[in-house]
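Take the given structure of chain A and dock chain B to it, following the hints.
If you read the sequences in order, they're chains A and B. Here the numbering used here is used: position 151 in the first sequence is 151, and no number is missing along the way. Here the numbering used here is used: position 16 in the second sequence is 16, and no number is missing along the way.
Rather than coming from a laboratory, the hints here were simulated on the basis of the structure. The structure presented is a predicted model; accordingly, all values stated were derived computationally and were not measured. Just to be clear, a hint being listed does not mean it is correct.
[To be verified] DEER-style ranges, computed between Cβ atoms:
{"no.": "1", "chain 1": "A", "residue 1": "176", "chain 2": "B", "residue 2": "55", "range": "48 to 54 Å"}
{"no.": "2", "chain 1": "A", "residue 1": "31", "chain 2": "B", "residue 2": "115", "range": "18 to 24 Å"}
{"no.": "3", "chain 1": "A", "residue 1": "116", "chain 2": "B", "residue 2": "197", "range": "55 to 61 Å"}
[Unchecked claim] Covered stretches of chain A, going by a simulated chain B footprint (3 or more residues, C-beta under 8 Å):
{"no.": "4", "region": "16-23"}
{"no.": "5", "region": "30-38"}
{"no.": "6", "region": "76-87"}
Even for Gly, the Cβ is constructed at its ideal location relative to N, Cα and C.
Each chain is listed here by its residues.
There are 2 protein chains.
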Amino acid sequence: MEFSPLVEQLIESLRCLPGVGRKSAQRAAFHLLERDRRGANELAEALQQAMSEVGHCQQCRNYTEQELCTICQSPKRQAASVLCIVESPADLMALEQSGQFHGRYFVLYGHLSPLDGIGPEQLGLNLLEQQLIKGTTEEVVLATNPTVEGDATAHYIAEICSRHDIKASRIAHGVPVGGELEYVDGTTLARSFAGRTSMD
Amino acid sequence: MEFSPLVEQLIESLRCLPGVGRKSAQRAAFHLLERDRRGANELAEALQQAMSEVGHCQQCRNYTEQELCTICQSPKRQAASVLCIVESPADLMALEQSGQFHGRYFVLYGHLSPLDGIGPEQLGLNLLEQQLIKGTTEEVVLATNPTVEGDATAHYIAEICSRHDIKASRIAHGVPVGGELEYVDGTTLARSFAGRTSMD
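One chain only, chain A, in its complex shape (with noise of 0.2 Å):
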């Protein structure tokens, strides 16, 4: 036995989300029925606007409804020098929270990975190549995640720097602020241990 086609329908196009299953999905579709709808139909337009209007941003290829970012239309940023480089819109956002960097960045949508049929062409590093040649950047951050993928993407891009006479840097990988020694794996503290800064 099955709901009303129409509830089996919304069932069914809620397990869209990711992490939502089955029983999940039925969950959201009852409260939504009895106890939101006002706020369902708000989803449906915020829905099919966001999906139909937005897109990315010439530049750095953040998502965005207009040409460009706000990050990329902001003269100050557009002077800023160093260029930072991230796997994914939510790592710029971190990184944008954390208040320390107020240069331009560069959104990949990934990392390298040749068995998926990921290559430099689907992160965009033609259209990094060509804001590089500009010669407004001096700097690249290399922020992507400290995975295989996201190492092995940092040292392809960091030679696509390198052609560029342009200076290539790579986030610090160490023990996390507030953490303890004690619960780190060893590959972190290796790091950690390689990484480390003169006290002077």
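Using the frame of chain A, we list chain B on its own:
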């Protein structure tokens, strides 16, 4: 710093789903924008259709976009003399999937809870009484949850039944099949003891 207005609006709207906070909403929004725009558009349509068209069955109060739900439309079900009362459509579905019951249902959408302003009227007990008066029902099975409120609701409905000379029964509560006695809580064990049946 925030994302672009449409992306922000999408993230905020996704929070109307139960158990979805800012981070999960962000993750879902990026997932849809990056990998499943078609699914998102289908979800938007399903939401709009369901919210505007799905109402309650005139007879059992289950969700349906028609006047009567599929169960109430079935002549076989209509001829049944047993009526099962559940708290939610999800409970109804769980009972249907067990395949043991072939009678009619009635959905309360909750339980009596005077402090929250949920009285007999909110649970549709007038509608239920009207159906009992018709005289086609011989037994009412009370399948509300085994909680204090569920039990109170069951007792309240059992009283209505006795006023109309209809037999009221409660589903059995006890040790779940496949469960181990050692790990079952005391209240459940006590109820399973009190509800013991003869093995003849």
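Each hint, compared with the structure:
For residue 176 of chain A and residue 55 of chain B, the hinted distance range of 48 to 54 Å is satisfied, since their beta carbons lie about 52 Å from each other. Taken as a hint, the range 18 to 24 Å holds for the pair residue 31 of chain A and residue 115 of chain B, whose Cβ atoms sit roughly 21 Å apart. For residue 116 of chain A and residue 197 of chain B, the Cβ-Cβ distance of about 59 Å falls inside the hinted range of 55 to 61 Å, so the restraint holds. Beta-carbon proximity to chain B at under 8 Å applies to 4 residues in the region 16-23 of chain A; the threshold of 3 is reached and the given coverage holds.
Under the rule that three or more residues need a Cβ within less than 8 Å of chain B, the assignment of the region 30-38 of chain A holds, with 7 such residues. As drawn, the region 76-87 of chain A meets chain B at 0 residues by the rule of a beta-carbon pair under 8 Å; below three, the given contact is violated.
When each numbered hint is compared with the structure, a violation occurs for hint 6 only.
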